[in-house]
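Note that the protein sequences, when read in sequence, are chains A and B. Take the numbering used here: the final residue in the first sequence is number 115, and no numbers are missing along the way. Take the numbering used here: the final residue in the second sequence is number 113, and no numbers are missing along the way.
Mixed in with the good hints there might be a few duds.
According to the in silico footprint, chain A covers these stretches of chain B (three or more CB under 8 Å from chain A) [unchecked claim]: (1) 19–25; (2) 70–76; (3) 105–112.
Computed from the model, here is a short list of chain B residues facing chain A with C-beta under 7 Å [what the hints assert, rightly or not]: (4) Arg42; (5) Gly43; (6) Leu90.
Keep in mind the hints are simulated off the structure, nothing from the lab. Even for Gly, the Cβ is constructed at its ideal location relative to N, Cα and C.
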Amino acid sequence: AQSVAQPEDQVNVAEGNPLTVKCTYSVSGNPYLFWYVQYPNRGLQFLLKYITGDNLVKGSYGFEAEFNKSQTSFHLKKPSALVSDSALYFCAVMTLTGGGNKLTFGTGTQLKVEL
Amino acid sequence: SQTIHQWPATLVQPVGSPLSLECTVEGTSNPNLYWYRQAAGRGLQLLFYSVGIGQISSEVPQNLSASRPQDRQFILSSKKLLLSDSGFYLCALRELARSYEQYFGPGTRLTVT
Chain A
1 AQSVAQPEDQ VNVAEGNPLT VKCTYSVSGN PYLFWYVQYP NRGLQFLLKY ITGDNLVKGS
61 YGFEAEFNKS QTSFHLKKPS ALVSDSALYF CAVMTLTGGG NKLTFGTGTQ LKVEL
Chain B
1 SQTIHQWPAT LVQPVGSPLS LECTVEGTSN PNLYWYRQAA GRGLQLLFYS VGIGQISSEV
61 PQNLSASRPQ DRQFILSSKK LLLSDSGFYL CALRELARSY EQYFGPGTRL TVT
């Protein structure tokens, strides 16, 4: 079965500093990986994805993620954090199933950016 | 671009009462549709998905059912709610003509008392 792990429940970072939210995956075959962000009492917003191609993927709001096949990781990064980046972040892996293309999510990492 | 509507936004229901949550989408045709539940503000669990009208796949056996009576309508139901059905219910879609990402609606907060 495919899975993703987010080892940190919470990440704290000062505004202006770089941030990293970690994700590792376990899949059979090629990985299809995603990052989503959730603000309180809201639905999830898509940030970026890795399907194939360049290992460094750029997404919305200045976020990027680095796909590392040897380490089976897909860490989310941003060079300079903003207080408004504070939210819950989810890593996900997609399972291709006869059209359903299901997502399996990690447990989420709460990012807190402080002044 | 596509839009996902969910209603109601919040709902408080007694144990044993029926449930109907509705998801409708605009700006797309023949999408894949999904129902997720998020408990305790964290983990997301896929409940059902649909690849077309009348086609429902269930991921987890439970007290809930889903239906897709129209291409852009996805309904989550229960005949008798349990306390454990409380949570944040999210509808999502994937447009087949685009890439693989899913887009999520605003969610329904269900509290079973």
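Item to check | Restraint check, 7 Å cut-off on beta carbons, for B/Leu90 near chain A | outcome: holds (6 Å)
Checklist entry - Going by Cβ atoms only, is B/Arg42 closer than 7 Å to chain A? => result holds (5 Å)
Checklist entry - Under a C-beta cut-off of less than 8 Å, do 3 or more residues of the segment 70–76 of chain B approach chain A closely enough to confirm the stated coverage? => result Result for this restraint: violated, n = 0.
Next on the checklist: Tell me if the interface restraint on B/Gly43 is satisfied: Cβ within less than 7 Å of some Cβ in chain A.
Outcome noted: holds (5 Å)
Checklist entry - Counting residues of the segment 19–25 of chain B whose CB is closer than 8 Å to a CB in chain A, do you get three or more? => result violated (count 0)
Checklist entry - At a Cβ distance under 8 Å, does chain A reach at least three residues of the segment 105–112 of chain B? => result holds (count 4)
Consistency with the previously given hints fails for numbers 1 and 2, ordered from lowest to highest.
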